[in-house]
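Chemist: Chain residues, written in single-letter form:
There are 2 protein chains.
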Amino acid sequence: MGWEIVSLVFGAISIGIAAYFFAWTMKQTNGNPVMEEFSKAVQEGAAAYLKRLFQALGLLAGIIAIIILVTLGWQKAVAYLAGAACSASAGYVGMYIATRANARVAWAARQGLKKAFPVGFNAGAVMGFAMVGVALIGMTLIYMIFGSPDVVLGFSFGASSLALLAKAGGGIYTKTADIGADLVGKVEFNLAEDDPRNPAVIADNVGDNVGDVAGMGADIFDSYVASVVAVMVLGYELYSKQADGVNFVVLPLVLGAAGVLSSLIGMLFVRTGEGNDPGRGLNMGTYATTAVFALLTLGIVFMLGFDQPMGIFWPTFAGLVAGIIIGVTSDKFTDIDQQAVQHTANSANTGPALVILDGFSYGLLSIVPSILGICVAMVASWFLAEHFGLAGTYGVSLAAVGMLSITGMVVASDAYGPIVDNAKGCAEAGHENEETIAVCDRLDAAGNTAKAITKGFAIGAAALTVLALFAAYAETVDVNVLDLKTPGVVVGLFLGAIMPPLFSALTILSVSRNAFSMVAEIRRQFREIPGLLEGKAKPDSKRCVDIAARGALKELIIPGLLAFIAPILVGLVLGKNALGGFLAGSIVTGIVFALLMANAGGLWDNAKKFIEDGAHGGKGSEAHKAAVVGDTVGDPFKDTAGPSLNTLITVMSLVATVFGPAITSIALLSL
Amino acid sequence: MGWEIVSLVFGAISIGIAAYFFAWTMKQTNGNPVMEEFSKAVQEGAAAYLKRLFQALGLLAGIIAIIILVTLGWQKAVAYLAGAACSASAGYVGMYIATRANARVAWAARQGLKKAFPVGFNAGAVMGFAMVGVALIGMTLIYMIFGSPDVVLGFSFGASSLALLAKAGGGIYTKTADIGADLVGKVEFNLAEDDPRNPAVIADNVGDNVGDVAGMGADIFDSYVASVVAVMVLGYELYSKQADGVNFVVLPLVLGAAGVLSSLIGMLFVRTGEGNDPGRGLNMGTYATTAVFALLTLGIVFMLGFDQPMGIFWPTFAGLVAGIIIGVTSDKFTDIDQQAVQHTANSANTGPALVILDGFSYGLLSIVPSILGICVAMVASWFLAEHFGLAGTYGVSLAAVGMLSITGMVVASDAYGPIVDNAKGCAEAGHENEETIAVCDRLDAAGNTAKAITKGFAIGAAALTVLALFAAYAETVDVNVLDLKTPGVVVGLFLGAIMPPLFSALTILSVSRNAFSMVAEIRRQFREIPGLLEGKAKPDSKRCVDIAARGALKELIIPGLLAFIAPILVGLVLGKNALGGFLAGSIVTGIVFALLMANAGGLWDNAKKFIEDGAHGGKGSEAHKAAVVGDTVGDPFKDTAGPSLNTLITVMSLVATVFGPAITSIALLSL
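First to last, the sequence lines map onto chains A and B. End of the first sequence = 671 in our numbering, gap-free, step of one. End of the second sequence = 671 in our numbering, gap-free, step of one.
Calculated from the structure, these hints are not laboratory results. Just so you know, these numbers come straight off a predicted model, no measurement behind them. C-beta atoms are modelled at their ideal positions from N, C-alpha and C, and glycine is treated no differently. Do not rely on the hints blindly, as some may be mistaken.
Stated by the list, open to error - Below 25 Å or equal to it, Euclidean Cα-Cα: the simulated DSS-like pairs (lysine-lysine) are:
#, chain 1, residue 1, chain 2, residue 2
1, A, K115, A, K27
2, A, K241, B, K485
3, A, K27, A, K40
4, B, K115, B, K27
5, A, K619, B, K625
6, B, K625, A, K625
7, A, K186, B, K625
8, A, K625, B, K115
9, B, K619, A, K625
What the hints assert, rightly or not - Residues of chain A clear of chain B, computed beta-carbon distances all greater than 10 Å:
#, residue
10, A12
11, K27
12, L532
With the sequences and hints as input, model every part of the structure.
Modeler: This is how it looks when you write it as structure tokens:
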């Protein structure tokens, strides 16, 4: 027994904090009956979808667990199932509270910003702290029971498997509903966003919860766990023979505990006044958490008695700083006050084509600063570690943990976004007055401001995590060199490079196909339900919810299988060098496309908002119609394909690391 | 003196063939006075632009030549200038004949397909044979004079520098004019394509010539030369100490000679009857050329007396086969009769957003078969070479030469496309009857059919060429291993990976910016020139031509400089391993984005045509308007950014190889 006890204790504290905020949120007034009805419909839709999703994923997880059981032993199979279950439960809790907080935020908004803001944020914090707690306890227990980071790798694999499908499925669901609702409701019938006459509004709001809350939660859970596990595995491979070797393994668990404490302190800084921008409050919280975490890390590295404490501290710190820099710079391409968004909005005067071209181009440009940030973080953490006599790869893995340790705070800010977005839907459904809806609008805008920073952390951390996993792969399968001059590595590189585009194509086509069915259904309802458009009859929302859910699950099968089978095939047929090249190729194009899609999507969204705020003729103008096309194209970019890519490359790295030793030893060729 | 004499002789023969077809084409009737006037306006616009372009490039080439002179010696500086001059002259000849053939094809179309088709094809053949002849003579002379493949590398660098700027500049020019003409003429005033009232029609037709003829010509010239030089450099580095070493160096020159002969024989198979599809005629010519070239290669490898003749033959043959396979499979994503195009056209019923999403997704999917084809070609040629005791890298470089040796035929088919496209413009301007215009339409469609196969060759060959150049870089700077486990290589990989997206973004934004000015100018003319819309007054075409030309040149500066400076900076700061990683990264994303953009653009174009052929309400329907948006987005994808990327990665590989030894030896860091 050693320092891992600290991690267990803070894991429990984290869950305690989540429970406290849960109870606090549930005690708030649940809105008027119309809001309650709306909220209830969303709750039922979300719960029904997650139930079906988890049933399907349970089956898949069972099959994979059996494969692991047969090939790698029961310990890893158990760890795998535990990881999947923890990830699922964190997502479920987030969804549960989010779908109950929406009406409560809407009701509180009647009393102004100052009253409503904490409801949204505390509900988000439930998910943040629950997730960190579950992850810390899960990883620590698995490590304590089995005593090997290798088994914890199984836990991470379980979490990632679930995250990939939860994220991609949620992304397909939410955009099917969103695009369907927009194309018919907004464009054809000129209804406002969230107009209750639109049959797809409930599905759209369910989508926000299963995609942006549950999916995002599973995704960050996965990155968080993977970053910790990468440090544990590398620490074990590199230092287990040293006297203080175990400290290199448990270090990330202790850093996780420090993350809980710093997030809790950081939350005290999240406050807003009636006239202030609540987005600044969220960012203040993030900055405070970061500062506290840096200080705690400094204490920990001395407390654990490393020979070279600063060799641990500086790489971790480099990760933290890089996360903020990436967030701030990529914000330049998506912020509504910046030139990129406004230039694109201006192009809308010539129709949709230049909107698409501009947004796509700025999306491509936005890759540059983020990748430079990742490169600097990687090189800095590598050489800082080497400078103090530690392995460079270990330094890189610490930078990833540095970024992700403040996950509690990041997730709280992130989950806040869809919760207040939904609150606006509730307020519209409840026929609240202009003022209340304006409060909801401001809450919503704050979510977007905060998103820039948290997205920077998510992208940077995912990149560094997969680089650390890549190193872990190389250590576990004993690759000496991965020489780009050999055909095996080059072929692997190319094969890996096509995975993210392929995965993106399949998920976007899924959205397009489902949205097509949704459009047909919405048109049918307006045609066949008398009085619907006049507001005298209710739409059949359940059918729309059902189309979104069924479609999302069906469409998941092929891209999901691909992520698991492709690395195994490459390893089995082409051998371990090609598999190494494969991971590198997938990481490169994965990050490139993830950034492109996330930022282009965000930019289009804001260009539309900029016009809706009154520029170029405002709502209803030709420019606005053109900008709506951009926004619709951006939807699956930023909410379906883009954010799934991080998880895709994590899953493939884990598949390669977990199965690598077994499969590459029996490879057909060995290029 | 040895086998290189064969190359010189066939180079001269190739130029003779070009001269013959030139004279033949010029002898054809030049159309009626209106056509002549139209054709003359295009000639003047194209010549004026190329003059300005070459003046600007002359300055740039001069500066680079001085840098080479100072750092690498006068021989390479001379070779560099010769390469640039040869590339420019090949492009100029192509443009010259293309702008004179258009009216002649249009006039011949009055007498039917059978009469018009050879005029278009023979004019294309002028460029094909002129280019191959100039390239062979240039490379052979430089090699004979200086006796070192290293100096020929300078020639290739000159050709590539010019190609990059000619291609990107032409691409910006042509799409500025095209988008401008479409957005105002087609969308706002409902004019047909090439309606002479549209002020941008001349600029649009000039654009076809400077972009699709001169730019494409320079681009293929560059690939052709680079592939030959890569074999020469690798042959020299690997085998110069062997007794028959020189044969490994001159081999690609002799294969080039065989390419001339096979293209000439292949041309005999290019014929069409009145009722036939001329596209099949073009493809027959390509297939015949390929077969003859394979036979000739078999003869050559024995004639040159290699120890392992089949070790030379099989990799070359693998390249040929892969080229055809890549062309045929990528055709599935862009052909008007295939599911991808028709599905996208169907989505147009819901508006432009799903058209964009579908086309983009199919573009992403289209990456898969082409990259698989490249991988198979690479692995096959590598192991076939190794099987016979030759170096694998040499085998890969042979596969590239195999694909490109039939360049004469490929360019002839490729240049045919814009020539007959222009002929249609002439026919419209000359108020020809429906029947003649229908003949022009069928000629145009044939160009698209042929393009699929030739594009396969271009992409596959470019990929294998840069892989060969990558190997040449590693040989010349003496890199032992490029280990993906080291931070330098990984950072290089990421930095290289951002270059193609960055270059694409800059060029697409250029198009968007220029098109914006063009739209304003066209609107101004319709507003201010009385009687223009009624056809009673003439538009001020010159102003539009001027906007396109000035814009294209100005916008070239930043992306152009980037291509030269980035690899030098990486080499100077981070050292040779990082520069190796940089090249690999740029190759991976370069090929991915080139395929995505070329195929998505082609698909959108055909989805629009599918609707224009009568589907989903045909021309003027809402679906058609949505499809036009897709087509407009696709324009700079397929004609500006996409095709420039091949050249970009070739230029960067050449910069690295030419300057690598000098700069990496004084690198600041050596990661």
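Chemist: Hey, K625 of chain A versus K115 of chain B, does the alpha-carbon distance stay inside 25 Å?
Modeler: Violated, because 48 Å separates the two Cα atoms, which is more than 25 Å.
Chemist: Checking a non-interface call: every C-beta of chain B should be farther than 10 Å from the C-beta of K27 of chain A. Is that right?
Modeler: 43 Å, holds
Chemist: K625 of chain B and K625 of chain A: Cα distance at most 25 Å?
Modeler: Cα-Cα ~14 Å, so holds.
Chemist: If I take the minimum Cβ distance from L532 of chain A to any residue of chain B, is it greater than 10 Å?
Modeler: 20 Å, holds
Chemist: The output says A12 of chain A does not contact chain B. Does that hold with a beta carbon cutoff of 10 Å?
Modeler: 38 Å, holds
Chemist: Do the alpha carbons of K115 of chain B and K27 of chain B lie within 25 Å of each other, as the hint requires?
Modeler: Given pair K115 of chain B, K27 of chain B holds - Cα atoms ~14 Å apart, limit 25 Å.
Chemist: Do the alpha carbons of K27 of chain A and K40 of chain A lie within 25 Å of each other, as the hint requires?
Modeler: 17 Å, holds
Chemist: Quick one, are K619 of chain B and K625 of chain A close enough, alpha carbons at most 25 Å?
Modeler: Holds - the C-alpha atoms of K625 of chain A and K619 of chain B are around 21 Å apart, at most 25 Å.
Chemist: Does K485 of chain B sit within 25 Å of K241 of chain A, going by the straight-line distance between their CA atoms?
Modeler: 22 Å, holds
Chemist: Given the hinted pair K186 of chain A and K625 of chain B, is their Cα-Cα distance within 25 Å?
Modeler: 19 Å, holds
Chemist: Does the structure keep K619 of chain A and K625 of chain B at a Cα separation of 25 Å or less?
Modeler: 21 Å, holds
Chemist: Between the alpha carbons of K115 of chain A and K27 of chain A, is the straight-line distance 25 Å or under?
Modeler: 14 Å, holds
Checked against the numbered hints above, the structure breaks only hint 8 and satisfies the rest.
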